[in-house]
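Put together the whole structure using the sequences plus the hints.
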Amino acid sequence: MTLPEFKIDLTPKSEEATRTMGFKWADDRVGQRSKIGGTPDLPEGATAPPCPSCGKETSFVSQLDSIGDDLAFADVGLLFTFVCFDCFEAVSFIQSS
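According to the working numbering, the residues represented by the sequence shown are 40 to 136, in order.
There's no promise every hint is true.
[Unchecked claim] Cross-link-like lysine to any residue pairs, in silico, SDA-like; alpha carbons within 20 Å at most:
no.: 1; residue 1: K95; residue 2: M40
no.: 2; residue 1: K63; residue 2: D109
no.: 3; residue 1: K46; residue 2: T78
no.: 4; residue 1: K52; residue 2: I106
no.: 5; residue 1: K95; residue 2: G84
no.: 6; residue 1: K52; residue 2: L103
no.: 7; residue 1: K95; residue 2: A129
no.: 8; residue 1: K63; residue 2: I106
no.: 9; residue 1: K46; residue 2: R72
no.: 10; residue 1: K46; residue 2: G70
no.: 11; residue 1: K46; residue 2: V122
[As the list claims (entries may be wrong)] Label pairs and their computed distance ranges (CB to CB):
no.: 12; residue 1: E55; residue 2: E83; range: 32 to 42 Å
no.: 13; residue 1: G94; residue 2: E55; range: 40 to 50 Å
no.: 14; residue 1: R68; residue 2: P88; range: 21 to 31 Å
no.: 15; residue 1: V130; residue 2: F45; range: 12 to 22 Å
no.: 16; residue 1: M40; residue 2: P82; range: 20 to 30 Å
no.: 17; residue 1: G94; residue 2: M60; range: 33 to 43 Å
no.: 18; residue 1: P51; residue 2: K95; range: 33 to 43 Å
no.: 19; residue 1: T78; residue 2: S135; range: 17 to 27 Å
no.: 20; residue 1: E55; residue 2: D125; range: 39 to 49 Å
no.: 21; residue 1: G61; residue 2: G94; range: 33 to 43 Å
no.: 22; residue 1: T59; residue 2: G94; range: 35 to 45 Å
To be clear, the hints were calculated from the coordinates, so they are not data collected in a lab.
Keep in mind the model is a prediction, meaning the values are calculated, not measured.
Backbone N, C-alpha and C define an ideal beta-carbon position, used for all residues, glycine too.
The following block contains the structure:
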C-alpha cells in the first residue's frame, strides 16, 4: 500500500528549538526531507523491510529528517517508519548516507 505524500514542515515552538535547528556543513536540503507517505528517500537498492510477524513487505509511512548539528540522526540521516497493515507491526530504523 502506498500512502499519499504529505510534507512535514517543522516549526520550532520555543527559543531552545530554534537554536537546535540548522547545520554548519550539511547541504541546504538536509532538515527539509521529513514527510508522511509517498516514496521513502532510501539509498539506491534499499527496499522496505519485512514485517517481523508475518514476513510480508511493509508499507512506508514516514521519514523524519535530522534537525540540526545538535539533533542529527547518525550524520544527518533520516529516521524511517514502515508498517504492516495486516499485522499492524511497525519497523523503524535510521539510515545515513
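Query raised in the report: When the hints from earlier in the document are held up against this structure, which numbers fail?
Result: none
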